[in-house]
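There are 2 protein chains.
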Amino acid sequence: MSLNDESLKELKAELLDELAKETPSKTLLSLRLAENRSADIGEVLEEIIEDDELLTEALAILDILSTERAANVLGYLPGDSQLEVVGGLSDTHVLKLLEEMGSDERADLFNLLDEDRREGLLRRMAHKEREDLKRLASYEEGTAGAIMTSDYVSIASGMTVSKAMMRVRQTAPDAETVYQLYVLDSDGQLIGTMSLRQLMVSRPGALVDNIMIKDVISTSVDEEQEEVAKIVARYDLIALPVIDADGRMVGIVTHDDAMDVAESEATEDIHKGMSIGQLENGVSRVPIWTLYRKRVFWLVLLVFANLFSGAGIAYFEDTIAAQVALVFFLPLLIGSGGNAGAQAATLMVRGMATGDVGVKDWGKMLGRELLVAGSLGITMAIAVAPIGVMRGGEAVAIIVALSMVTIVLFGSLIGMCLPFVLERFKVDPATASAPLVTTLIDASGVLIYFSIATAILTPL
Amino acid sequence: MSLNDESLKELKAELLDELAKETPSKTLLSLRLAENRSADIGEVLEEIIEDDELLTEALAILDILSTERAANVLGYLPGDSQLEVVGGLSDTHVLKLLEEMGSDERADLFNLLDEDRREGLLRRMAHKEREDLKRLASYEEGTAGAIMTSDYVSIASGMTVSKAMMRVRQTAPDAETVYQLYVLDSDGQLIGTMSLRQLMVSRPGALVDNIMIKDVISTSVDEEQEEVAKIVARYDLIALPVIDADGRMVGIVTHDDAMDVAESEATEDIHKGMSIGQLENGVSRVPIWTLYRKRVFWLVLLVFANLFSGAGIAYFEDTIAAQVALVFFLPLLIGSGGNAGAQAATLMVRGMATGDVGVKDWGKMLGRELLVAGSLGITMAIAVAPIGVMRGGEAVAIIVALSMVTIVLFGSLIGMCLPFVLERFKVDPATASAPLVTTLIDASGVLIYFSIATAILTPL
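If you're matching them up, the sequences are chains A and B in order. Everything in the first sequence is counted per UniProt numbering, starting at 1 for the first residue and increasing by one. Everything in the second sequence is counted per UniProt numbering, starting at 1 for the first residue and increasing by one.
Please keep in mind that the hints were generated in silico from the structure rather than gathered at the bench. Fair warning: this is a prediction, and the values are worked out from it, not measured in the lab. Certain hints may be false.
Stated by the list, open to error - List of simulated lysine-lysine pairs, DSS-like, C-alpha gap at most 30 Å:
no., chain 1, residue 1, chain 2, residue 2
1, A, Lys-9, B, Lys-364
2, A, Lys-214, B, Lys-12
3, B, Lys-364, A, Lys-214
4, B, Lys-9, A, Lys-360
5, A, Lys-9, B, Lys-12
6, A, Lys-26, A, Lys-12
7, B, Lys-360, A, Lys-9
8, B, Lys-360, A, Lys-21
9, B, Lys-26, A, Lys-12
10, B, Lys-364, B, Lys-426
11, B, Lys-9, A, Lys-12
12, A, Lys-12, B, Lys-360
13, B, Lys-128, B, Lys-96
14, A, Lys-163, A, Lys-128
15, B, Lys-364, A, Lys-12
16, B, Lys-96, B, Lys-26
17, B, Lys-426, A, Lys-9
18, A, Lys-96, B, Lys-214
19, A, Lys-426, B, Lys-9
20, A, Lys-364, B, Lys-12
Looking at chain A on its own, in the form it has when it is part of the complex (with noise of 0.2 Å):
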């Protein structure tokens, strides 16, 4: 079995159908509901709050599961959804299914709730966990400390393997994942790590310590996301452990999490690669406001910068009164630059986020456009000649085949640099976007291509 739209489609006319009964059958809704992942039945518990926007129906499933299958789902939902099922539901309602679900889950949450609620619910939790709870809450999105939780195995230091398989054994339950093990010293300082399967295989009158792996991969609370997925990814890690400003271990972002943070970039990075803000939710999802305003902003900034090309045919205005045949080539022309230069900048962004280009690189990155571009301004040079011979003669061939290789080249290299020069100013290089792009070789290959016509075509 695997993920199936129809499925989930039919899952969800089923509960519709039988919650729409007089006296809908709980047998048969927690039967259906047995059957069913957390993860679909989140999905489908979000098309019917915000598709359908029957917020009765979705807290009548939650209802019918148990406490800790609810919490599992709520974790499913997207946070506006989980506002609204939280809504409906009373404070010791919400308590108990905070209580079962992962911390980190519980602290976005908890972020999400308004002052008020917020307040009254942490009147009601134990001390412990209050603190718990504030401390994961405070951290600021996208670090390391916002993703990750505070349910891992730790071992203390000087424990012995069987000793230690026990506490595994009573960890189980709670902890996100038992497969690797941390030790602490007793400052809570993390001193080594190890598998289950390294604990599992040596003999129990080991002490943990002489077994241990003593050059932890780890991370800091206020590490960036995006790198904290790099690490799990680059180690195939099933955890990464994280530390606090004092050294003492506070939490592990799990291989999941991590793999979420991984999509999650990649979405945000193509969308900011067409000059588009980042969207907390899918783009079916996000209201039509925020789209505008997330799109809005560059486009209008663009519409002035694109004022420049605009000045550089004021300028050869006469050039091009003289001529009209010229401006037939004009968008194939700054088109086929912006192409080419909004690829160059895509394969740097990309090989940027990846770790396979670096700053070091540039050198390098430049002689190879270099000879790229200039194969390829050539070869379009040589595919649009023959129109220009047909348009308006040879010299206007020769001005196009001129201009488009001299553009594609020069357009190439402010794409390939661009995102260089960015993520030298400390600027994403992202932000090199193909509009950005696009558009400063617009203006760019408009004075080339008439600066080329004015030359040629000005008697001698």
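Got chain A sorted already, so can you dock chain B onto it with the hints?
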């Protein structure tokens, strides 16, 4: 500790320094290597082979590592570096390394070798190993079969918990993961799964059949790797079991391999978004000729598509000759339409890739895009109108503002719809790349602009 360019550079320098001596100290080298992770040594080795072309030194470093470690490091090298290494080793040495590699990496490397070498190696392998390798190497690239490993822990139906635990301990050294166990019946059919965590907290005498989860998430050998990564991410799996056409379990895809797939698929999507063909390797490493080939196809194609814009301009030559000031706004108008359209296309393409948007959402998305793009167009028209007044008077301002709204709206709708049309005709929606969308909109933008201009400027 985490990944750090500086420390890797240092490590590389130290290793090369030591190897350059007349009698390099093996102890020193092996000490330095022992301090570092296989992933990091792999990166250093890769640079030594590819940037510095020092194969002898690379082989010397591999030689100092234990066979197990060397196999591990080899697994982190890109294909071309692996080939260089293997080219410098005897069959006997290669066989030893292959034996220690994970079955998935072994098959990948094997697929890179030439026919003769493969035959030679196969002849010297044990029957069972040979068959396993041949099978794994036979799956098509980009499928579950090609990325799965056959090193998983299977448990026979009917075993007790304590027997299963014993089997985990026995398999621990060789399995990719021991944390998810798969229960097979006598035909090799997958009938259940359980986590090691579950096994550990269960009564030793209990039967695995009674505690296993019977509804297993699995995938088929020929499922696309992108889909595989999505399933692993969606259900937060440690590993996803893979089933052959006869319903028998043949392997697992582990979470770290799924994460690598997700990253390379995201890179491919980003490149496609800028009309760049699929690169087998990082942009800093692919040969220049390949880079040229992967970029030139669409660029040249779009040169010809751009001729339509030219043709549009030629058609309106009279209008342009009469009012050359109109050309001033041409790059700005078609640029804005292209940018807005590329944004809309990108949002849809990524939405489809992450599963947020499906073909069924077409109507909803169209309605949203109408509202968003309409607002964007009006905002941009307001921004550009004053410049229209300044450059050409009121008539030009009205022409430009009207054209802006129409082009942005029309362009956004083209950009939004194209991915759905492509998906409908089973073409990858990512083909609706920014350059393609921009070119399409350029041509229609020219027509819209000059049609409006002609209509308004022509005396009644």
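Inset, instruction - Identify every previously stated hint that the structure contradicts and give their numbers, smallest first. - result: Violated hints (numbers, rising): 3, 5, 9, 11; every other hint is consistent with the structure.
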